[in-house]
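Visitor: These protein sequences, in sequence, are chains Y and X.
Positions in the first sequence are counted from 1; adding 8 to them yields the numbering used here.
Positions in the second sequence are counted from 1; adding 17 to them yields the numbering used here.
Since the hints were derived computationally from the structure, they do not count as laboratory data.
Since no wrong hints were added, every one of them can be taken at face value.
Only part of the chain Y face toward chain X is listed, based on derived beta-carbon distances under 7 Å: (1) 35; (2) 38; (3) 39; (4) 40; (5) 232; (6) 297; (7) 321.
Think of the CB as a built atom: it goes at the ideal place given N, C-alpha and C, for glycine as much as any other residue.
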Amino acid sequence: MRTPLHEVHEHLGASFTDFAGWSMPVRYSSELAEHRAVREAAGLFDLSHMGEIELTGPGSADALDYAFVGKLSAVKPGRARYTMMCDDGGGVLDDLVVYRLEPERFLVVANAGNADVVLAELTARARGFDTTVTDRGAETALIAVQGPASAGIVGAVTGADLASLRYYASTPATVDGQRVLLARTGYTGEDGFELYVPAEHAEAVWLLLTDAGEGSGLLPAGLACRDTLRLEAGMPLYGNELSADESPFAAGLGRIVKFDKDGDFVGRAALEKRREPERVLAGLKGSGRRAPRHGYQVLSDGEPVGVVTSGALSPTLGYPIAMAYLPPALAEPGTALAADIRGRTEPVEVVSLPFYQRRP
Amino acid sequence: MSIPEDLSYTKEHEWISREGDVVTIGITAFAAEALGDVVFVELPSAGDKVEAGTVCGEIESTKSVSELFAPLDGEVTEINQAVVDNPELLNSDPYEAGWLLRVRTEDTRQLLDSTAYAALIQED
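Throw the hints in and build the complete structure from the sequences for me.
Guide: Written as structure tokens, this is what we have:
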């Protein structure tokens, strides 16, 4: 599948990769330059492969409280919340962002690879609630501007009052006469914005943002740098850190499970019993330049004790970083472990997450 | 994609330049492009024996790891320390400043010419 911006990426000379059935730009020139641009200036991302699902009707909040682990009924209109959809066993089916647009209207944003599952599950779980579930994926393009210069760039094209738009908030805005949803959300560890745009206007919005970013160091940015950015920020990636085998507690995200909400929710009973997982997600810091990568074993006294979920040589920090599932007793910061990097053992130290935090 | 006509190639996307019994070895622009930004290069040491088709080093980018295969039997005479210190040379100048190692060899096996290599990467 191709996003509405595919031709723009081709014109920019992007290299493409298959991601969840989508042909997506992996890099335009250099992923390290794109990574640096997001940390120091701004990056422009096409995230139109992600799934958008709308819920409307008086029962929408209750339906989401039942379908997800979070208390979406407590989210105020104009605000957003990071949450998860679990199965009956408490395993994670997807991690998502939910925007409450109006008291009775929500936008659920799912990972590209899980969009079909989330749509089917949400439709099933919303039965019996007074709400309508609508797939908005095909008609919606998603463009993100991330980095310290993003507010200036987005402000220039939207005219929106960004000073009053808080992190994890959204507002309707206008770009080039077209209505868009403007949100202060992202997946890079930087200040940034995500614009939900009608697919037919995606190209115009992309080009306007490109023009507005000229002189600020804005670069188009692909999935390669998106992955290293989110890893530095300690953010989980579905398929790496998150899966149906893991609970939100194992992933260190137990705080988003709201047992205090009214009524049942899918996975509640199982999650009550998974509060103290046998293995937890931890950060690892290496030395040298060889990074532990996805699937590599973590060793303690030569014995395998866990598996790396993601790892890379951190472009910002200059040393290898990784996340891995470990027994809680070995997941304390400061613990000395090792990683089997293609047959050679390299020392690693457990560190607290995130690896990188932007200066406030 | 640049494929210099005066070099020989392997299907592992390496280039070979021969001067007498010493060959210089590097990776092609196609390989460098596919890897993305190279951040780490591990090479054998001068004096090491290498055997055609076996792994003699590693090239690691942000996204992936690729093994370096020896294209010929021989003995390493020199490695490019500049590329170890600045792996980005593999992306910016794979055929000149980004060369990897020199090997003394009596191995005269047939390698791909630029036309055959161009045809090979067309298929990829």
